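**Q** Sequences are here, hints too, so could you generate the full structure?
There are 4 protein chains.
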Amino acid sequence: MLRTPMIVVNFKAYRESLGKKAIELAKIAEEVSRELNVSIAVAPQATDIRLVASSVSIPVFAQAVDSTTIGALTGHVTIESIKDAGAVGTLINHSERRVQISLISEVVKASRELNLTTIVCADTPEVTAAVAALNPDFVAIEPPELIGTGIPVSKAKPEVVTNSLDKVKSVNSKSKVICGAGITTGDDVRAALRLGTVGVLLASGVVKAKDPKKVLTEMGNALIGKT
Amino acid sequence: MLRTPMIVVNFKAYRESLGKKAIELAKIAEEVSRELNVSIAVAPQATDIRLVASSVSIPVFAQAVDSTTIGALTGHVTIESIKDAGAVGTLINHSERRVQISLISEVVKASRELNLTTIVCADTPEVTAAVAALNPDFVAIEPPELIGTGIPVSKAKPEVVTNSLDKVKSVNSKSKVICGAGITTGDDVRAALRLGTVGVLLASGVVKAKDPKKVLTEMGNALIGKT
Amino acid sequence: MLRTPMIVVNFKAYRESLGKKAIELAKIAEEVSRELNVSIAVAPQATDIRLVASSVSIPVFAQAVDSTTIGALTGHVTIESIKDAGAVGTLINHSERRVQISLISEVVKASRELNLTTIVCADTPEVTAAVAALNPDFVAIEPPELIGTGIPVSKAKPEVVTNSLDKVKSVNSKSKVICGAGITTGDDVRAALRLGTVGVLLASGVVKAKDPKKVLTEMGNALIGKT
Amino acid sequence: MLRTPMIVVNFKAYRESLGKKAIELAKIAEEVSRELNVSIAVAPQATDIRLVASSVSIPVFAQAVDSTTIGALTGHVTIESIKDAGAVGTLINHSERRVQISLISEVVKASRELNLTTIVCADTPEVTAAVAALNPDFVAIEPPELIGTGIPVSKAKPEVVTNSLDKVKSVNSKSKVICGAGITTGDDVRAALRLGTVGVLLASGVVKAKDPKKVLTEMGNALIGKT
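Residue numbers (numbering that gives the first Met the number 0), protein chains in the order written: chain U, 0 to 226; chain S, 0 to 226; chain G, 0 to 226; chain Y, 0 to 226.
Derived from the structure by calculation, the hints contain no laboratory data. Owing to the predicted nature of the structure, the values given are computational and were not obtained by experimental measurement. Be a bit skeptical, because a hint or two may be false.
Since copy identity is lost for identical chains, a pair holds within one copy or between any two.
To be verified - Below, in silico cross-link-like pairs of lysine-lysine (DSS-like), each with a Cα-Cα straight-line distance of 25 Å or less:
| id | residue 1 | residue 2 |
| --- | --- | --- |
| 1 | K168 | K207 |
| 2 | K225 | K19 |
| 3 | K108 | K168 |
| 4 | K108 | K156 |
| 5 | K19 | K154 |
| 6 | K26 | K168 |
| 7 | K209 | K154 |
| 8 | K207 | K20 |
| 9 | K225 | K173 |
| 10 | K108 | K213 |
**A** Here it is as structure tokens:
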């Protein structure tokens, strides 16, 4: 299980975070994590999971899995395969890869059995409640319309975050909530924590930053209450 | 909103329930509904909704909707179109048409605004809890492996039904639970009610019965506690 | 089989072409078809096919089908159901409802057996060739980026249309080509025919027109070479 | 481009071909390839591509790609990522991962630009023709009902293979055809070549064999006409 509060950096399919650059970026995250003693996880592309997981000691997540079974499946990213590659868990149901509710349920169950951590994404407070009922480790609320905009959900739509927190709590007292979409500064992270989340999920704010280390350091400081 | 306890007959894409035969079968359901004063709803194919809805006075459901918006969508069954055609609500997320959690959420919301009733299908107790969190009118628990087998979930897997009831209750006190899969006799209906559901969702047990009226009458009697 | 040259009006899921308005619009298309003796077909939503097909004598198409089989399928628009409802054929693979190549193949085969006409949509010249190899009655080339823009493919990207014609011809001498996207005037229709197509597929240009009859009449005249 | 005739071993998501075992199996394939001087390629899971590609010198394929673009995509296996990981090409549209025709077209185009080889799977002769029109390097005909059965398509349904060859030829003289489904012996490979294909696509016949080296050697000998 991840230590909280935390920052999860989704590498998406950006050129800036592929292959060798995935290692470089993961090493930067590892440095900041070590220097500030804060919890930072990274989620590279499927083909880079093993490479990144063998290069750094911070937690590595898959961006999604397609199946919780093994066997006669072609072209599926299976949960067994991401574990074998060194991932400690997986994102699932990101707005760029929505899946059926039954698969989310299976992924949460299988992850528990395999000792993997789940971060289930949701686009609205209602959906956070629904996925919280499946008992994942984390629920990530991300209004899709803010993803990639630089307009942080924690500031632009604080009520989406607080409603999500309330709804998740009413359904499942154990699932923790992080928020994402538009997070690019330490201030955005601070706002997210102030609302009651245990961290943030972000991508371009770090991956496409001119100086990813500077941005992550600023966010890491915000995470531990330093200004 | 449907009166409970109730029987929902899913016409699926059977030849025995298409077009003219959809009307015949709906009229049989209407007769039994009237004769026994029991609540029976039918769910014909999209192309038959208007035909059936204009032929009988019992509630008519869509089997699924693809979208809650209108406009530049080709080949989508929209929620506006099924309402316009006379449906009083819709099934959604049947195991033969699983959808993403966000669509289920949107369908429940849009149905409330349009005064339509939602029956959200789920394959496991965990998933019943998840969809119950979306606040639909009904949750239908159906283990896919029993669908069409004639082995009733209410007898073969009573714990799936009772677990679903417990989980739904813990998440949402308002959503009612029905169960499906393998229901073919009055006894199966009786078992379903005894477990605490407010009715059954079935298909082949009635649609492909030699004498649908006899089967529905038997089930209707079971529904109102007659032997 | 449709008489060519022709105009196919896709009703999509517009409010302006739902239910009663679907009948009104289909009747306008029928009037123009009769007055000018031109071939016009309409493609209403699934729930409106029977209503429209029983109200007019011009050809009625489905916008898509989900399955070519019957039986234990919930929430699928089947090819049997659209035929039963009075459709003479179906669109398939519209950019707003892309499907797998195997389903396109099955729909073309099943349509032939059921004496239905197929219009397979494609987004590029390469894809027109691929679907032409399946031997449909018509291939409709529609660059998705022009759909709904009012910028006609026949003028903005004539080479897309002519390349499609060349590629289709090289693969299958029998499939005919129509084009769509951005068609709103008689001039656009004229341009489409001049390039070598046998007609146009359009939607908003007619459905959302202030005076659909005027627009369709203008297009109908263009179709038969009148100015 | 692969040297033909060839054997392509799809590792699927079998436990017997994951992680370390993927390397072992790929090394066996490499040994046989070297010993007999025959062309053998392997297609491990996405998370194993880099591992396998860096361990052997035979061609490594992806089992599928989800996208041909890069950027804000989460949980997609992109064509850039498999190339970066060392794949020389990709399977696409396997019956266990059917995709839309437009994606197949984009994958073929992007592969050409990236100097990657494409093997497009198809389930019927009609579909082989359709995908051949997209100009891939190879078309693999695999009747899904024979996959994993041990009943070889080359013997059980030779007409499916020969029809595919005829249809592909009529559409595209450059695409080469391989066949798959049920291939487990050297005899099956021999039958495949005799029908006119340039090789076979197989999975369990090798991956789940008691002695994969023995089976691959037998098949390799068949490939070069040795008994």
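**Q** All hints are to be evaluated individually against the structure, with a verdict given for each.
**A** Evaluation of the provided hints:
1. In this assembly of identical chains, the alpha carbons of K168 and K207 never lie at most 25 Å apart, being 34 Å within a copy and 45 Å across copies at closest.
2. Taking identical chains as interchangeable, the C-alpha atoms of K225 and K19 are never at most 25 Å apart, the minima being 32 Å within one chain and 44 Å between chains.
3. In this assembly of identical chains, the alpha carbons of K108 and K168 lie at most 25 Å apart whether taken from the same copy (20 Å) or from different copies (21 Å).
4. In the homo-oligomer, the alpha carbons of K108 and K156 lie at most 25 Å apart only across protomers (20 Å), although the nearest pairing inside one protomer, at 31 Å, exceeds that limit.
5. With identical chains, the CA atoms of K19 and K154 are never at most 25 Å apart, being 34 Å at best within one copy and 46 Å at best between copies.
6. In this homomeric assembly, K26 and K168 never come within 25 Å of each other (Cα to Cα): the closest approach is 35 Å inside a single copy and 47 Å across copies.
7. For the identical chains of this complex, K209 and K154 are intra-copy neighbours only, at 23 Å inside a copy versus 43 Å across copies, given an alpha-carbon limit of 25 Å.
8. When the C-alpha separation of K207 and K20 is checked against a cutoff of 25 Å, the pair qualifies only within one copy, where the shortest distance is 12 Å, while the shortest distance between copies is 36 Å.
9. Proximity of K225 and K173 under a CA criterion of 25 Å is satisfied in neither setting, with 27 Å inside one chain copy and 45 Å between copies.
10. Taking the shortest Cα distances, K108 and K213 never come within 25 Å of each other, neither inside one copy (37 Å) nor across copies (39 Å).
Comparing the model with each earlier hint shows violations of hints 1, 2, 5, 6, 9 and 10; every other hint is respected.
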